[in-house]
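*Asks:* Using this note's numbering, you'd call the opening residue of the sequence shown number 1 and step up by one each time.
It is worth saying that the hints were derived from the structure and are not from the lab.
Be careful, since some hints might not be right.
[As the list claims (entries may be wrong)] Here are the simulated SDA-like cross-link-like pairs (lysine to any residue), alpha carbons at most 20 Å apart as the crow flies:
no., residue 1, residue 2
1, Lys99, Tyr78
2, Lys77, Ala52
3, Lys22, Met32
4, Lys77, Val59
5, Lys93, Gly82
6, Lys77, Pro97
7, Lys99, Val61
8, Lys77, Gln60
9, Lys77, Ala65
10, Lys77, Val61
11, Lys99, Asp73
12, Lys93, Ala71
13, Lys77, Leu51
14, Lys77, Ser95
15, Lys6, Gly28
Every value quoted in this text rests on a predicted model; they were computed, and no experiment measured them.
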Amino acid sequence: MEGTAKPDYATCVKIPTDASIKEMIPPGDLVMLTPLIVGTFFGVETPIWWLAGSLVSGVQVAISASSTGGAWDNAKKYIEVGASEHARTLGPKGSEPHKAAVIGELLVTHSKTPWALH
């Protein structure tokens, strides 16, 4: 632990990559097998309407997440810039309202990230 050895970057990347691939197998199976199982038990038409409903609701979730992320980002910038009297009453960068806006933006950003990967 003297810091003289060269780090093994390949192993550092391989460990989380292998773990994440293993963790993605069950969700992948769920996506691939659910329409087959639903179609087998309830008829061929059922997965068609079920998938159509999933697409429609997925678009709504995407639009909502996008709008929410922009709102939190705007709130954070509004407080940071302090362009109006109201923004100045909320406090400077680091105040409680600013911290709340930063946390809100952070949570929304992380909730949108998995959707962006599909």
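*Asks:* Could you tell me which of the hints above the structure violates, numbers in ascending order?
*Replies:* 2, 4, 7, 8, 10, 13, 15
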